Amino acid sequence: MKEKCIHYIACDSKKYCIEAEISALNFKEHCTDTHFILYTDVEFSSSVFDEIVKIPNLIPNGNCIPGWSEGKLYFETKIELLSNTKFEKNLYLDGDIKTLVDIDCMFSMLDKFSIIVAHDSCRTTKWSDVFGIPLCFPDLNCGLIFYKKSDTGTFFKEWARNFSIQPQPHDQPSFRKTLWDCNLRFSILPPEFNLRPSKFHYYQDVAIIHGRGKGFLPLIDELVKPKFL
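At position 36 of the sequence shown (counting the first as 1) the number is 36 in our numbering, and the numbers step up by one without a gap.
Worth double-checking, as some hints may not be accurate.
For each label pair, taking beta carbons as the anchor points, the in silico distance ranges come out as [to be verified]: (1) S164 / T32: 33 to 39 angstroms; (2) D129 / V53: 34 to 40 angstroms; (3) K14 / D181: 36 to 42 angstroms; (4) N84 / K112: 21 to 27 angstroms.
Because the hints were derived from the structure by calculation, they are not lab data. Fair warning: this is a prediction, and the values are worked out from it, not measured in the lab. Where is the CB? At the ideal position from N, CA and C, for every residue including glycine.
Take these sequences, add in the hints, and give me the full structure.
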């Protein structure tokens, strides 16, 4: 069995499955010997994925509001799916992510670290202090998560518990709380490895881009050179 796996979750609309399919095609060009899984609640077929797992009752994350009670929350389902992986080295990706470089080196970092993530560039929200953690320990972006299965079983259980305590409409505050409390070795990727469509500094060649929209895609050709946006 392959050691590495890339996971996508797409719900509510076939367009998000197609978006994930395009992302997977891109990543297949930049990693070796990797299994690709799509979890979805819509009917979709594609030869790009090694597995398409039908998951009932996924709720669009836009509907994940405090007090939502119909079915499982989207983010609770996400946490459960990722924790149940059969693979030792894993990468969860939002569907709107592309890479410009090989990512095998990032998977290899899981030989040294249990979790690898990037800062959330839009991390100042009303949810940031919900757990009373110092703001200098910021939110991490949960749209790109490298993790090692053998080290993170307890982490995912605690993440699910923290999310259930305060079911905010985002999974990042509870992820931040769990990372704050855990003893795992984790690494933070620089912004060039999860470039978001917002203004910030980056000083090296951009590696991974993360975003959608008419105003973002035309920038791709320019993003391969270091600059200030």
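inquiry  = Checking each numbered hint in turn, tell me which of them this model violates, lowest number first.
reply    = Checked against the structure, no hint fails, so every one of them is satisfied.
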